[in-house]
Amino acid sequence: MTGSAPRLLVLHAPDWGVRAQSRLLGIRDEASVVLIARGRVVACSPAARAEGVRSGMRQREAQGRCPGLHVLREDPGSWVRAFEPVLAALDDALPGWHLLRPGTAAIRVRGPARYYGSEKAAARTVVALAEQHGAADARVGIAAGLFAAELAARAPDPDRVRIVTGGSTAAFLAPLPVGVLGDDELGSLLPRLGIRTLGAFAALDPDDVAARFGPGGARLHLLARGRDPRPATPRIPPKDIDAVIDFEPAAERVDEVAFGVRAACGEFVRELLAARLVCTAVRVELHGDRGEVDERVWLHPRSFGPSEVVDRVRWQLQAAEELRSGVVRVRVSPEAVDPVHVHEAGLWGTGPEERVHSALSRVQAMLGHRGVLTPQLSGGRRPADRQQLVPWGDRPVSVRERTQPWPGALPDPPPSTVYEVPRPVRVEDAAGQPVTIGDRGLVSAAPSIIVSQTGTRRDLTAWAGPWPLDERWWDPASARSAHRLQAVDTTGCAWLLVLDDAGWWAEGRYD
Amino acid sequence: MFDAVSELSREERIRGLQERIQGMQATRLDERTLPTSEALSELLPGGALQAGGGYVVDGSTALALEMLRGPSGAGSWCAIVGLPDLGVEAAAAAGIALDRLVLVPHPGEHWLAVVSALVDAVAVILVRPPQGARVGDAASTRLAARLRRREGVLISTTSWPRAQARLAVTESDWAGIGSGFGHLAARQVTVASASPAWQGRIRARRLWLPDREGRVAPVRSRHDGASPALQAVQRGA
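So the protein sequences, as listed, match chains G and S. Counting in our numbering, the first sequence runs without a single skipped number right up to 519 at its last residue. Counting in our numbering, the second sequence runs without a single skipped number right up to 239 at its last residue.
These are computed hints drawn from the structure, not numbers from a lab. Just so you know, these numbers come straight off a predicted model, no measurement behind them. For each residue, glycine too, the CB sits at the ideal point set by N, CA and C. Treat each hint with caution, since some may be false.
[Claimed, not checked] Output of the computed footprint for chain S on chain G, the stretches with three or more beta carbons under 8 Å from beta carbons of chain S: (1) 181-189; (2) 255-263; (3) 426-440; (4) 462-472; (5) 499-505.
[Stated by the list, open to error] Only some residues are given here: those of chain S computed to face chain G with a beta carbon under 7 Å: (6) 77; (7) 91; (8) 92; (9) 103; (10) 184; (11) 196; (12) 200.
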């Protein structure tokens, strides 16, 4: 008989994801915030909800309903990280929590109830603890079975504690709408069959339900009747492998910090190895003296060794713009780990790739993260847009699809030199007058000389164009309008010249 | 003839003689070579890139990229050091595998250390030494020894001590572009190659760099745009 589901206590912090992410960015709790994934709202803050924003809405529609909306990209990893301290504090007081999702956790209530005297006292303790550790307005529900207990925790209750006594689980569930079962198909089908509440659904014969809706429907039917077979499995608290290094007084110089973290980084990698893990991505947090935090994730094509972690800390320090004061704390935590055997070198090594990798890492350690780059092709109209350089070890982020047509891009061959910073030039006609391009897209006179910044004059033997380029005209911030010209000088070297509002530039050379 | 020699400084004369001696004697019994593109084979001593050799390509990025094409196509890694203005698309169009290409655009003062670190890993290194940098004899000898051991090739865009060959584009004619019409479509160049192995003579070949399909190939037909100046060079060679 499954009727004797254990009584569970569920802690639920409403809108946890929104709150965790807005707190990370220093946005007030009362502000209107939505989290977006693939252009749709996945979660919103109470203020945004009051303005009429709902989950599943398109981003534009949400922005239309609620001006001044903060739109954040969904980042589930940060929700878990933010909930971890809450869970750790709860684990200290009452061991044996089962994490359902970030912001929601369950525990068997029997032990705590006996310890604190009653279920109500245990629930009050949990609420107070959660509040102390950053989960404000957390709620607690106690009922038999995970399903009922979670619904009790979500139930709007001014007291923030809802206890459903042993015999009344079915009565508590009965008036709730079938939508709470969390099954889209059943949630839309049952109301059309005239079954609107869990009570009406539970009243159906179990065999009929199994015959009509299959095993999935039978399981939900069991939940609706207040019988939840799922146990709350106590989690094993993860071992904390983070390396935390405090500097007292604050360290001012990069090499000082790098030297300070060296031993701890070695220990960090050794501890991971002891757990038979290697780290493929680390998160480095730098805490400044005035409370500012600079954090980023560093990837590694293989796995991090101690000195490589130290290098990442050093590069981050060199690039940290947020940091305006000395460093008081460095935290290094594993962001992604792999079992160690995946990265074990073969008995005879793994061939030339390994050699390439170690040499490039050495050069990178010498010159910094952006010192060694791998080239990628991307889409665009200008030569500089059609290429992308990714630091060695980072994952390439494709911004513009190359497969799209890009009308207006120049025909092949591509220029063999694409200036990292376009060079300003002067383009003059035979009379020494600067060449301009009129409203109708025609040159004022045939260009015959280009004069570089240093004063070198090159006579032109042939030229073609101009070809207009009018990019992103709908967005004043990134709109670019220019004319392009190809020209060949007397040495046979060809140039790609561009005229924009600031004047003529050499963007590339065909040499 | 005599006057010309006396004008040269003593040091340059010694270097010139050393190069001639070196050119006449083979450095090793069996010279290993790297895969070389067909267009270049006639311009290089021995008909191919010699493993462990140094080359100079003067004034043309496209020609330097063509030197990388053969080894890259055969599966080797290539590195380009000190060229922040490289056109990646042109490198891809030249047939270089981008997933085996590494760029170190700004090596700064460490450029020689970077090159020696890369010798361990990649087969071909194209390097532009910073302005005014001089490669000392000792440093270049050390680097050459490592290159020979790893069977790599070094290509420099400025002069390099004891280079196997020095290639330069002496003439370049673009097709497809006129005075205000068309667009750059194809180019014929004359590449002149000087090597100590040829005792001071210069070889010159006419190449498409690139042709209308984007390929680099020798110009086959003499009527295919060969200029009078080129024919003079070929007669002289």
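Hint by hint, here is what the structure shows:
1. 181-189: violated (count 0)
2. 255-263: Since 0 is below three, the answer is violated.
3. 426-440: holds (count 3)
4. 462-472: With 3 residues closer than 8 Å to chain S, the region 462-472 of chain G meets the three-residue bar; holds.
5. 499-505: holds (count 4)
6. 77: violated, 9 Å
7. 91: holds, 4 Å
8. 92: holds, 4 Å
9. 103: With a minimum Cβ separation of about 6 Å from chain G (threshold 7 Å), the hint on residue 103 (chain S) holds.
10. 184: holds, 5 Å
11. 196: Violated, about 19 Å.
12. 200: For residue 200 (chain S), the interface hint is violated, since the closest Cβ of chain G sits about 25 Å away, which is over 7 Å.
The structure shown violates the earlier hints numbered 1, 2, 6, 11 and 12.
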